[in-house]
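Novice: Below, each chain spelled out in residue letters.
Protein chains: 2
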Amino acid sequence: MRQSQLFTKTRKEAPKDEVSKNAELLIRGGFVHKEMAGVYSYLPLGLRVIKNIEQIIREEMNEIGGIEMKTSILQNKEIWEKTNRWDDAVVDNWFKSKLKNGGEVGLSFTNEEAYSNILKQYVSSYKDLPVYPYDFKEIFRNEVRTKSGIMRGREFYWKALYSFSKDESEHNAFYEKAKVAYQNIFKRVGIGHLTYETFASGGVFSKFSHEFQTVTPVGEDTIYLDEKSGVAINKEVLNDEVLKSLGLDREKLVEQKAIEVGNIFSLGTRFAEPFDLNYKNENGEEQLVIMGSYGIGLGRLMGTIVEVLSDENGIVWPKSIAPFRAHLVLLGSNDEAKDLAEKTYKKLIQEGIEVFFDDRDVRAGEKFADSDLIGIPTRIIVGDKTVENSSFEIKDRASGEVSQKTLEELISELK
Amino acid sequence: MRQSQLFTKTRKEAPKDEVSKNAELLIRGGFVHKEMAGVYSYLPLGLRVIKNIEQIIREEMNEIGGIEMKTSILQNKEIWEKTNRWDDAVVDNWFKSKLKNGGEVGLSFTNEEAYSNILKQYVSSYKDLPVYPYDFKEIFRNEVRTKSGIMRGREFYWKALYSFSKDESEHNAFYEKAKVAYQNIFKRVGIGHLTYETFASGGVFSKFSHEFQTVTPVGEDTIYLDEKSGVAINKEVLNDEVLKSLGLDREKLVEQKAIEVGNIFSLGTRFAEPFDLNYKNENGEEQLVIMGSYGIGLGRLMGTIVEVLSDENGIVWPKSIAPFRAHLVLLGSNDEAKDLAEKTYKKLIQEGIEVFFDDRDVRAGEKFADSDLIGIPTRIIVGDKTVENSSFEIKDRASGEVSQKTLEELISELK
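Taken in sequence, the protein lines are chains A and B. For the first sequence, our numbering assigns the number 45 to the initial residue and increments by one for each residue that follows. For the second sequence, our numbering assigns the number 45 to the initial residue and increments by one for each residue that follows.
Careful: at least some of the hints might be erroneous.
If chains are identical, the list can't say which one is meant, so a pair holds when it fits in one copy or spans any two.
The calculated lysine to aspartate or glutamate pairs, modelled on EDC-like cross-linking and capped at a C-alpha distance of 20 Å, are [what the hints assert, rightly or not]:
1) K53 x E112
2) K363 x E398
3) K411 x E57
4) K171 x D403
5) K181 x E156
6) K56 x D172
7) K171 x D405
8) K324 x D211
9) K140 x E182
10) K65 x D265
11) K142 x D132
12) K78 x E156
13) K121 x E156
14) K429 x D379
15) K324 x D405
16) K53 x D172
17) K288 x E299
18) K78 x E112
19) K390 x E107
20) K171 x E410
21) K78 x E182
Calculated from the structure, these hints are not laboratory results.
Chain A extracted, bound-state conformation (with noise of 0.2 Å):
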């Protein structure tokens, strides 16, 4: 894409009421816009990472047995009777609205209701289960407080898949599988090295829940981290007792500001039984399915990226997120430099090589400074250097390392 053709255009300042450093960086670097507290709209630049982070979440999920659906938002107020969640005194962050010809509905908060209510009318043999299915889609929590950034939303893009398994042991296996899986995503994502699996308190039905813990100091939980196992442990569920199941030693836990970038939850049969959620086994007899729940918030994982990978210049994408892999800037304007610039561009195009072209009639300084804003990992340089050197200045967004390359060299690289 010619940077001249995006709308959108970096600022010097973020809006004052936005004290988190991710949503400044991405309102700067024009990926979000902000429409109320916790709400922002995704422009160009930030939906093309968003549709990255959402594909290597897919590939993940899919590479499990995950089926992808998209339930809908609005939300029938009978499902939810069903479990108990309707009421304002057991939910207080619904977000709710009239129907015109009468009745209530609600905006999907989480969506075991809606999954439970669906595969109720699919499943009634052991033959129909396990079942993964899954979903991207918005969903809404009417908070009160919005103060970090695009990391708590009042609306926020989110994916949940849900298991539906006969028993424990196979229930077990697949929230295993689904540990690995979330693992491989932070990594893909370029966080594995600052992420943790951490135990965190587990409801009714299972001692612990696991949540994903991206270390940082502006983190709002806290987590206690063995770094020799790279177990963690979330303060909410730290005790003598705790501590001994798991066989550690609270001399050697380190104290850790960290955001839960995702988690997952066993369900047992709470939404089974009301639901009437059950299936016939070999032996003709009913039983009820056994449930788990496995969420990632897509906005919450970009804004973490941004607060742990940026530098003071800007934001670093990982390159499997970014929204450009090359970010090909055009100096000058001699038009040897300029024609250059061009078919270089039409060139990694048709390598396929996605790439961000500043074909704008700015001063460099002013390029150099956006382009390390947005944090595109390779900037390209073109200029009348270039042209007498026929090799090109490209500089390594995150080490900061400059080098001259060929075009073959770069094309190899960069694909």
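With chain A's structure known, arrange chain B on it following the hints.
Specialist: Only chain B this time, still in chain A's reference frame:
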């Protein structure tokens, strides 16, 4: 995908309150799940169709300079007050909700305000124009009557593009390009032969808007079609003056029922004025931006395709949007046939062909009935005879034509 792993199943009957053919077939085939009147979830097969439609629309929008982004669903009251469209007395189909810490939000029922407000931040000079941003997202309308299945929803998945142009002539040139893009879309999804560009009421800023109307007896709109020229007029604007201005003869027009599958509007400065959306032209003079809007409901389009292309046995998907390109149906339980079916399944996937494999242990009649209902374009039968003849029996869903093909012939046809 293996049919045994898809959790949805076909149904003999649709819910009794479902009177439209499109929703009946889509529910029976396991494409959608009805959450309440006018609200549907997309099941795995349905989401595959929607994604195929989305990709066709995306390609055509990008082709005419569109740039994808994603505006939020929650809408800020202040922004809508600028255009006087917040008040329920002005717009009567809002869904609104209350914020926990005071104030109201709306659910987006269209996007002119959101886009005008965002563009206001980025447009200041003639160099910033034209711009053609678009998005795909859920739209909400608080409809009282919702009798048309997925064709008139309270929640629906919508593509909206907005054009921001410097002047009328730039606007008109894009408007004509958009018409062609729309014609391409309806051709590519398989209903081009039934879909007519139709003159409809224009509002304050232009004499006409243009609807794309697909002819079918269940249509809610009435159009008058000049079959020779392919020009149509919506009943709402049919009068002698309009006929004269379009050079049409009333006697030669045929009355038809039709479904509006897309529409394009010239908005003039209707939104630029309240948002003060202007730019400095080359002479340094302030000018208002000229806008246009270009919408397509993806669910409605999917429903329309089902309405007009299905037959007494079920849905007939065009190849371009079918959930799979081929339906591989294993008959009988003999080991050789099973092995051949497995081998063929893997080979087709290897060749990049999207194939749905009916590996279930049910009788042939049920498999054929399901296959007809689901409507995948090409059925490939693997049974005892296939093994003997080393050629496959192929059935074309649309024509019903049966032929024999070797694996090589099959692959070259499906690719």
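Novice: Could you run down the list of hints and mark each one as holding or not?
Specialist: Evaluated hints:
{"no.": "1", "hint": "K53 x E112", "in the structure": "between (35 Å within a copy, 16 Å between copies)"}
{"no.": "2", "hint": "K363 x E398", "in the structure": "within (11 Å within a copy, 29 Å between copies)"}
{"no.": "3", "hint": "K411 x E57", "in the structure": "within (17 Å within a copy, 62 Å between copies)"}
{"no.": "4", "hint": "K171 x D403", "in the structure": "between (59 Å within a copy, 13 Å between copies)"}
{"no.": "5", "hint": "K181 x E156", "in the structure": "within (14 Å within a copy, 22 Å between copies)"}
{"no.": "6", "hint": "K56 x D172", "in the structure": "between (56 Å within a copy, 18 Å between copies)"}
{"no.": "7", "hint": "K171 x D405", "in the structure": "between (64 Å within a copy, 11 Å between copies)"}
{"no.": "8", "hint": "K324 x D211", "in the structure": "within (12 Å within a copy, 68 Å between copies)"}
{"no.": "9", "hint": "K140 x E182", "in the structure": "both (15 Å within a copy, 17 Å between copies)"}
{"no.": "10", "hint": "K65 x D265", "in the structure": "within (17 Å within a copy, 52 Å between copies)"}
{"no.": "11", "hint": "K142 x D132", "in the structure": "both (15 Å within a copy, 13 Å between copies)"}
{"no.": "12", "hint": "K78 x E156", "in the structure": "between (29 Å within a copy, 17 Å between copies)"}
{"no.": "13", "hint": "K121 x E156", "in the structure": "within (14 Å within a copy, 31 Å between copies)"}
{"no.": "14", "hint": "K429 x D379", "in the structure": "within (13 Å within a copy, 69 Å between copies)"}
{"no.": "15", "hint": "K324 x D405", "in the structure": "between (70 Å within a copy, 18 Å between copies)"}
{"no.": "16", "hint": "K53 x D172", "in the structure": "between (52 Å within a copy, 10 Å between copies)"}
{"no.": "17", "hint": "K288 x E299", "in the structure": "within (18 Å within a copy, 80 Å between copies)"}
{"no.": "18", "hint": "K78 x E112", "in the structure": "between (29 Å within a copy, 17 Å between copies)"}
{"no.": "19", "hint": "K390 x E107", "in the structure": "between (35 Å within a copy, 17 Å between copies)"}
{"no.": "20", "hint": "K171 x E410", "in the structure": "between (62 Å within a copy, 17 Å between copies)"}
{"no.": "21", "hint": "K78 x E182", "in the structure": "both (16 Å within a copy, 19 Å between copies)"}
In terms of the numbered hints stated before, the structure departs from none.
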